[in-house]
Amino acid sequence: MDKAISVQALTIAYGAATAVSAVDLDIARGKVTVLAGPNGCGKSTLLRAIRRLHQPKSGEIRLGDLPISGLKEKELARHIGLLAQSPSAPDDMSVEELVRLGRYPHQTMLQPWSAADSDAIQAAMFGTGVSHLAERRLGSLSGGQLQRVWIAMVLAQETDIICLDEPVNHLDMAHQIDCLDLVSRLNREHGRTVVLVLHDLNLAARYADRLVFMKEGGLVADGAPAELMQEALIENVFGISCRVIEDPVHQRPLCIPIRNSSPRFGTAPQV
Amino acid sequence: MLLILMYLSLAIGYRLYSPGEIWRAVTAFDGSEAHVVIRDLRLPRALMAPLVGAALGISGVLVQTLSRNRIASPDTLGLNAGAAFAVVMASGLFGVASLPGLSMAAAAGALATSLLVFGLAAAAGGISPLRIVLVGVTFAGLFDSFVNVVLTVNETMLDQLLFWLAGSFADRKLSLGLNGLPFVLIGGGIAFYLTRSLDILQTDDSTARGLGVPLGAVRGLSFVAVALLSGASVAMAGPVLFVGLVVPHAARALVGLEHRLQIVAAALVGAVYTTLADIVARFVIFPREAPVGAVTAIVGGCLLLVLLRRRAA
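Chains as they are written, first to last, in the working numbering: chain A, 1 to 271; chain B, 272 to 584.
Same shape as in the complex, but just chain B (with noise of 0.2 angstroms):
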């Protein structure tokens, strides 16, 4: 199904494309306009998108079991707009306008949040998963409220920026997914790593050292791990919604609470639900392109609504 969305992802749009076209574009490229859009702008995206999904999917499940919160995410925690912030400031005090340098500014924004969460949260007594909740939601509302005044006071700046604010995978070189992609696989494998030790962080912290799980080196592992994936994530499509929130509860509808289950069902889940977000994100406004984020968001809160209706039913 992913591999079905991903040809698709290549072959509709503004234009559609044969197999034959996408073939040659990818084999024999001759310089056409077809083959410049199909290499240049489909070939990153249907790459990007599935790795930007399979990322904040495992990463909201991290992020779940950590905060013991079926309704936090990445977002949640404040990386996004830790994320957001330092693109603002980046833009703002020292004019970086290019895509590249905005996305590692991104990524640096979400590193830097998810430290300064994790430490405070642990300043304050012991790494609670409650604490870690208050205090991301503390920056995401503080780092939102920043970017809000720096935008509301310079429009030039919401001009340039808002294509960015609202997460897109339109116009992005193959070469952000190519530097992302390490992150994501660290990030991946702490995760699996961590899978059996995930687990018993679901029950509370008696009950989990008890089994003799070394709590502090878990939560610090499972965060590194997140700031891996949703930094990653954030550099190259800017703040994807909801797909951190929404997908862990498919995944775990689908295979359960174990995780080592649950981390491929969210990576696949994510994946193909990105990338399907991705081109419906073309079609909604036609001719023009609707942020994938908004496309996520909109998506995802219909889909948490019906879920939770099922969990009530």
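Excised from the complex, chain A in its bound form (with noise of 0.2 angstroms):
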């Protein structure tokens, strides 16, 4: 496998509390990778970690064969693009301007605005569709239109490597697909490597090359969506039981949970 970075023996903790926990994991060049456990697993501090947001308390991870402990911060962000969970802007910032904001890992104090960073912009803008928003303030956008215009600021920044934070959160049903199209199309027409933290397990069954399932700061499983897709793995790591069948029209496999196997609000009344 072509290694785009490798995790190794990853361990990261904030004070007493450990959230990582002793963690391999090597992320191919060029697929999706999507992170999927229950709330608390440390599936976004690991994928923090990979954009060195948080210091690890041991073990290492590397970009194709370099410590990303070892890089300058420019340099890393000219190499991996984050989109964090719930980012936030000033309400009257231009579209535009956001997505400017993208070119500054290429911008030094000698050359700040070039062509490069133009023509960047522009193709970002236009390949999340936003190009006609351009001049319109981020507070007078929908969830739907502010979450495409944020994903243009990560491409504006041109890195081989993008990690999203639980990118769908705040949206319904349908701009829930239409980001993840988005975000799938970025990697099969432009080879984007691109590791996500979803949620949904049945959203990332549809759209992940590769799954990975964490539980209490451990890595699980990981594998293709259909060897993880498993009724018993599913119980053990989300606590649920389910069944497992084929999506009809994607023919990725698709969980229906049935009931909590370790109920945490209580049990409800039997009908």
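Because the hints were derived from the structure by calculation, they are not lab data. Just so it is clear, CB atoms sit at the ideal spot from N, CA and C, and this is done for glycine as well. There may be inaccurate statements among the hints.
For the chain B half of the interface with chain A, some residues (derived, Cβ under 7 angstroms), not all of them [unchecked claim]:
1. Thr298
2. Asp470
3. Ile471
4. Gln473
5. Thr474
6. Asp475
7. Ser477
8. Arg480
9. Pro485
Please dock the two separately framed chains into a single complex, following the hints provided.
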């Protein structure tokens, strides 16, 4: 496998609490990898650690052959882009102003704005279908449009690797599909390596080339969706009994949750 | 427009002077009363008002971006209150009464306060925009109360210092402006150096770090710039309120949110606004002079209301 990133024996702790413990993971170049697992399983922490937003307690992350700990801030930002969870910017910032921010790692004091920068932001806005919104204020956009604009910002960064932390969290069903189709197209047509954190297991199974299950900070399983979407494994990781069938449209495994096998809110009255 | 105002600042006031008179006062000083007024009273304020305005405009932009808060300003961070406190202390404890002495105390107070605010905000576990504002507001309140207590107890001091505490350009010597100039230039220079990083500081921390901005370093440097700019202004004119709050709003309305333009616009708008306020201050309670700080606050408050109304509409 051609590795874009390899995570080796990574442990991350917040004070005394261990968020990620002894994780080994290789992320394949040019593929879509989705990190999934229950709340608090460490998937977002792992994603953010890949972009060096958390310092490891032990272990190492390599970008190709280079340890990321040795890279300069801007250098790393030219290789890995991050769409943070619930990103924010001023309401009165224009779409184009936001997308332009993506060029920061490519600019220097002496070369503040180049033709390559203009090309990149035009291409990013075109690719995400937001060119017509360029002059609009962020505060006037709908949730779906706003998320496209943020993706355009990350795209303008022109990184080989794009990390997205729960990009469809606050979107309705149509916009979730719209957003993930866009991400998947960036992967297929532009060969970008994509790492996603997704809550919705069925969306994860539908868009992932490779699925990674995490639980309590550890990596439980890692493989193609067809291998991982097993009823027993899902029950073990997510604590819910379920049936897995084949999605008749996309021929991907589809999980139908039945009952929480370890109820967190007490047992519902039997009817 | 700035140049016209600077000229007006020379020409009008308690006495009016013709362009020829002003020109001769600068080029061929003859010691007459008119020439003395122009050279020693009018010229310093015509030059210092725009300088202070520009400094406060830039420092307002920096504070608002740094705190991600559009109602923050150097006042909010307690810099003026810290300066006032230092002035009261210097006057009360060491009997400093001269204007240059008070200016030094003011600058030292503003610098010390900014160090204190930044240090405490950082010590409380990483500089977050919210923490900067919280610590700043706390110190602003604290120093204001100290000043009020001291001045209530000591009425003679109140009389002596009131002219300073209200902020004014009257009776300033040109040398005061020349001393302030390098600090304003360095502060402005730092702001310019940071423009691209400041653009990105407007987003959340994760996004900013994801784009490769070293947050701690940028915030630290911005704070240095704020301290230099605000310290120099308060030393030159005392606390001139509301300029640092209103001017950034006007600048953004004019040129948008990119700091390269925003900072230039804020410097110009600040200079125009303060010079205008200084001229207006000579007439509101004619023939006496109102403190310029009061004028900027009153006009600024009204302007801000207009801006808010327009935003809402």
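Against the structure, the hints:
1. Annotation: interface hint on Thr298(B) violated; nearest CB of chain A at approximately 41 angstroms, more than 7 angstroms.
2. For Asp470(B), the interface hint holds, since its Cβ comes within 7 angstroms of a Cβ in chain A; the closest pair sits about 6 angstroms apart.
3. The closest approach between the C-beta of Ile471(B) and any C-beta of chain A is roughly 5 angstroms, which is under the 7 angstroms cut-off, so the hint is satisfied.
4. Look at Gln473(B): its Cβ gets to within about 5 angstroms of chain A, closer than 7 angstroms, so that hint holds up.
5. At its closest, the beta carbon of Thr474(B) sits 5 angstroms from a beta carbon of chain A; the interface hint therefore holds under the 7 angstroms criterion.
6. At about 4 angstroms, the closest approach between the beta carbon of Asp475(B) and any beta carbon in chain A falls short of 7 angstroms, and the interface hint on this residue holds.
7. The beta carbon of Ser477(B) is positioned within 7 angstroms of a beta carbon in chain A (closest approach about 4 angstroms), and the interface hint is therefore held.
8. The interface hint given for Arg480(B) is met, as the beta carbon of that residue sits about 6 angstroms from the closest beta carbon of chain A, less than 7 angstroms.
9. Interface hint status for Pro485(B): upheld, as the beta-carbon distance to the closest one in chain A is roughly 5 angstroms, under 7 angstroms.
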